[in-house]
Amino acid sequence: MATQKRTVEVALSTTGVDAQGRPQRVPLVTADDGSPIAVEAPPMVEPDLAGEHMLINIGPQHPATHGVLRLVLELDGETVVRCIPHIGYLHCGFEKLGEYRQYNQILPLTDREDYLNAMGNNVGCAMSAERLFGIEITERCKVLRVIACELSRIASHLVWLGTTCIDIGAFTPFLWAFQQREYIYNLIEKWVGARLTPTITRVGGLAADIPDGWMTDLHKFTTDFPGTVDEIDKMLTKNGIWVGRTIGLGVMTPEEATNWGLSGPMLRASGVAYDVRKDFPYYDYETYDFDVPVGTNGDVYDRYLVRMEEMRQSVRIVEQAAKRLPDGPINVDDPRVILPNKSKATSEMESMIHHFKLVMEGPRPPLGEAYVAMESPKGEKGYYMVSDGTSKPVRWRIRPPSFVNLAAISKMVEGHLLSDVIAINASIDIVMGEIDR
Amino acid sequence: MSDAFEIQYAGSALANAPTPVTPRNVRNRGGEPNPSAAALRQQFGDAIERVEVVWGVTNVYVRPERALDIVRWLHDDSSQRYDYLSDVTAVEYRDIEAPIEVVWHLRSLPFRRELRLKAQLSKNKPLEIASVWSIYKGADWLERECFDMFGIRFIGHPDLRRILMWEQYREGYPLRKDFPLRGRFSRAEQLRQALAANPEARYSMEELSIADAFEDLPTEMRKRLQGGERTGE
Amino acid sequence: MGLTPRPEHRVVEYNPTSQEGWVATRLDFLVNWGRANSLWPMPFGTACCAIEFMATAASRFDLARFGMERMSFSPRQADVLICAGRVPFKLAPVIRRIWQQMPQPKWAIAMGACASSGNIFDNYAVVQGIDTIIPVDVYVPGCPPRPEGLMYGIMLLQEKVKRERMNDKTIRAEMEPDPKSKLYIPAPVIDELSEPFGNSVHQTRSGL
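Protein chains in written order, with my numbering: chain A, 969 to 1405; chain B, 1423 to 1655; chain C, 22 to 229.
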């Protein structure tokens, strides 16, 4: 007898109750003559659950997930029993693209990957490339890169602050933070012309030197910015709502944090004082006088405090760097990586040949590999490049701090409430562009 | 340089760990090797194939079948204490004959040391190596990504499935050198396969088993769940 | 380069000598004015363009001037889908589903080069322009577009909205994808649109 399958939303037959006491519902199928036939109820697997658990899907498109992240939560009432994150919704094949690009062409990719810390990424990638080439950059370039990294750190923490405040419910700090970001954007734009994706470095140097008067603008920023941080601090740090919503959440002990590979403020808030700038320094960071804030409890509140203090310390570093900025060239004097002057390239044979090789083929490093890590606002960011002597790397690997930090979310949210999941997720400071690459 | 001030050495590093300094004029080959390399040679003998110092970082090539023991010793031994796993990744070279290398970047925070372990997997055999998840929990997603991009199976991993591409992705392993940049299928075909996936259906078996949606699942899926199947999205 | 408009989707141009009634034209004006000046955006922000979108919504550039400060994160309450950022294939069914959930009248802005054409990501993972998945009204170029650029795109959309006519029944027709393949433009057209132009794969002529 042929049956017509019809999906009936409302009319469901009830055949007794299942193991959990819920009325067991089975879909109805209509026979040819219109009479309903109940399909045999399947044998129910006896789940060993204490009560009725709910499966909730957050994302991938969701305002509070900071990008296209999908969290599947198993909830017992409002308490999270298990959290399974799904990523990959922003996977754009960066590492594959890197194998088809010359070393200078890879740098624009790094802007788009962690887009909140674009200058920092540029510096990190150029650092790895220069290690692979065996180039020592000039002093002026080093100091300018330090300034770029720290401005980038401030910008990234401001986005983190703004979006976390929105997630937890405070809208005003978002506007304040983004206004300060506009000042940083002004600085970057005066320097290289772009706001969010500057590509400020080149292998062996920088895209451009700072224009006249830039230092004055920078000084104005560093004098005014701490005032905003203090304002936000006054509004949030001792605020009952803020403290109540962030204290005690998402705790990671120091051993767990180290074992899970966390880095950056996530690790330092748990009490492990590991900062790449201090432990494996680069660009003379050991000669700058700055402190690294280290938390005690490893909860969301500590991460907030660590990041706020890091912004202040970054301002300190920028001021010191600005004082010590030496004169001199920004590009290393190596014709194998740096394009010669236009006037020389059109008049001297040697320069013309260098120019030709660099433009057509790109700078070629010796055989080898380099992994250099830097402290990005999210954590330990490293670029691992493997060269086979040609102008395009064999392998370009990005060690993404947010990727490793996010993996710990399934550990951190267990036992917390649904609204805490959002706060904990915000405290990790994830950038999906970096996680998914 | 600025005036004298006391440099704060933050770090969980021990007091006798080397003072951190920005490396200058790093040599291509032949720098000072990491003391762990000598200790490894002493401990594991010929499981260590060779040691090279490339651009200041010590590369230790190990036999793939001993990799897990070596990593465990490096983690547990009190003179090594490599407690931090930076990265697990793989490298495939452009030479077709060359083996695929699995690379671990380890750090010892107490001793301020950096080490790179490599294991070479021949392409003639199935690409398998032991997972270090039992030692470092952070290896979970890193190894899943390695599997997704290269097809290397990590034995002992709790949940080895694709992480960046979707589970039913049929074009292959993207970072392999024989995988073309723009994929194997035409754009329309890629789009067709991508759109054919139902976003709601992308739950793993494990997730569905706990849900209210159990009774809405088709019969064969429920049978598979009852059989204890745990793979999926 | 753009999509060949399907024959049934002709826009009725405003013709002052046409026989539309006075009431109809006044109603058109009123409805379009209302729609254009209170477009509630659905920010489908994925990557860097989403940050520039947030900057556009923040105090300096202020989308509230356009009536767009009320971001609607539920597609059911949104008017315009602003796809800000790159869309990989894994995300393609999600954006299709969101577009289908939006009720008419709806518009789409492809913000940035990634949403318009795939940008530098001409590889296995990224959709080469979301107009292969959903119909797009305004393309805003840039990587990322400056906030002024996005606002210009929004103003272009407002002009497009104001040109609509109630008489033209085809404008608000929902474009249905082919049920089997789920594509709404034919496969050869998608392949042609997604072809690399210039030397997007090999950036130099020598070497690899």
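Hints may be right or wrong, so weigh each one.
What the simulated footprint calls covered on chain A by chain C, stretch by stretch (three residues with Cβ under 8 Å from a Cβ of chain C suffice, anywhere in the stretch; the number is not a length) [said to hold, decoys possible]:
#	region
1	1030 to 1044
2	1058 to 1069
3	1073 to 1084
4	1140 to 1153
5	1205 to 1213
Example chain C residues on the side facing chain A (calculated, C-beta under 10 Å, incomplete) [as the list claims (entries may be wrong)]:
#	residue
6	Ser59
7	Met63
8	Gly66
9	Thr67
10	Ala76
11	Phe110
12	Ile119
13	Gln121
14	Pro124
15	Val147
16	Pro168
17	Lys203
Here are a few chain C residues that sit away from chain A, every Cβ distance over 12 Å (derived from the structure) [stated by the list, open to error]:
#	residue
18	Val52
19	Cys70
20	Phe87
21	Lys111
22	Val115
23	Arg118
24	Asp143
25	Asn144
26	Met172
27	Asn188
Keep in mind the hints are simulated off the structure, nothing from the lab.
Note that the structure is predicted; figures quoted are calculated from it, not measured.
Heads up, the beta-carbon is just placed ideally off N, CA and C, and yes, glycines get one too.
Hints versus structure:
Interface restraint, the region 1030 to 1044 of chain A with chain C: holds (4 residues with C-beta to C-beta distance below 8 Å; minimum three). Coverage of a stretch by a chain is defined here by at least three residues with a beta carbon nearer than 8 Å to that chain's beta carbons; for the region 1058 to 1069 of chain A and chain C the count is 8, and the condition holds. For the region 1073 to 1084 of chain A, the stated coverage by chain C is satisfied: 7 residues place a CB nearer than 8 Å to a CB of that chain, which reaches the threshold of 3. Residue count for the region 1140 to 1153 of chain A with a Cβ under 8 Å from a Cβ of chain C: 7. That meets the three needed, and the coverage hint holds.
Using a Cβ-Cβ cut-off of 8 Å, 0 residues of the region 1205 to 1213 of chain A lie near chain C, which falls short of the minimum of three, so the contact claim is violated. Restraint check, C/Ser59 versus chain A: the minimum CB separation of about 20 Å is more than 10 Å; hint violated. With 10 Å as the threshold, the beta carbon of C/Met63 comes within range of chain A, its nearest partner Cβ sitting at about 9 Å, so the hint holds. The criterion of a C-beta within 10 Å of any C-beta in chain A is met by C/Gly66, whose closest approach is roughly 8 Å, and the hint holds.
Below 10 Å, beta-carbon pairs count as interface contacts, and C/Thr67 has one with chain A at about 5 Å; its hint therefore holds. At about 6 Å, the closest approach between the beta carbon of C/Ala76 and any beta carbon in chain A falls short of 10 Å, and the interface hint on this residue holds. Against a cut-off of 10 Å between C-beta atoms, the interface hint on C/Phe110 holds, since the closest Cβ of chain A lies about 9 Å away. Interface restraint check: C/Ile119 against chain A, minimum CB-CB distance 6 Å, threshold 10 Å, status holds.
The interface hint given for C/Gln121 is violated, since its Cβ lies 13 Å from the closest Cβ of chain A, which is over the 10 Å cut-off. Here the hint on C/Pro124 is broken, as its CB sits about 17 Å from the closest CB of chain A, past 10 Å. With 10 Å as the threshold, the beta carbon of C/Val147 comes within range of chain A, its nearest partner Cβ sitting at about 5 Å, so the hint holds. For the restraint placing C/Pro168 at the interface with chain A, the shortest Cβ-Cβ distance is roughly 9 Å, inside the 10 Å limit, so the hint holds.
Look at C/Lys203: its Cβ only gets to about 18 Å from chain A, farther than 10 Å, so that hint breaks. Its beta-carbon lying about 29 Å from the closest one in chain A, C/Val52 satisfies the requirement of being farther than 12 Å from that chain. C/Cys70, annotated as away from the interface, has a beta carbon of chain A within 12 Å; the closest lies near 9 Å. Once the 12 Å rule is applied to beta carbons, C/Phe87 is consistent with being away from chain A; the minimum gap is 17 Å.
Distance to chain A contradicts C/Lys111 as a non-interface residue, since its nearest Cβ pair spans about 5 Å, not more than 12 Å. Taking the minimum C-beta to C-beta distance to chain A, about 6 Å, the non-interface status of C/Val115 is violated against the 12 Å cut. With a least CB separation of 9 Å from chain A, C/Arg118 falls inside the 12 Å interface cut-off, contrary to its annotation. Distance check on C/Asp143: its Cβ comes as close as 8 Å (rounded) to a Cβ of chain A, failing to clear the 12 Å threshold; non-interface status is violated.
Once the 12 Å rule is applied to beta carbons, C/Asn144 is inconsistent with being away from chain A; the minimum gap is 4 Å. In this structure C/Met172 is separated from chain A by more than 12 Å, as the shortest Cβ-Cβ distance comes to about 15 Å. Distance check for C/Asn188 against chain A: the nearest CB is about 35 Å away, which clears 12 Å, and the non-interface claim stands.
Of the numbered hints stated above, those contradicted by the structure are hints 5, 6, 13, 14, 17, 19, 21, 22, 23, 24, 25, listed in ascending order.
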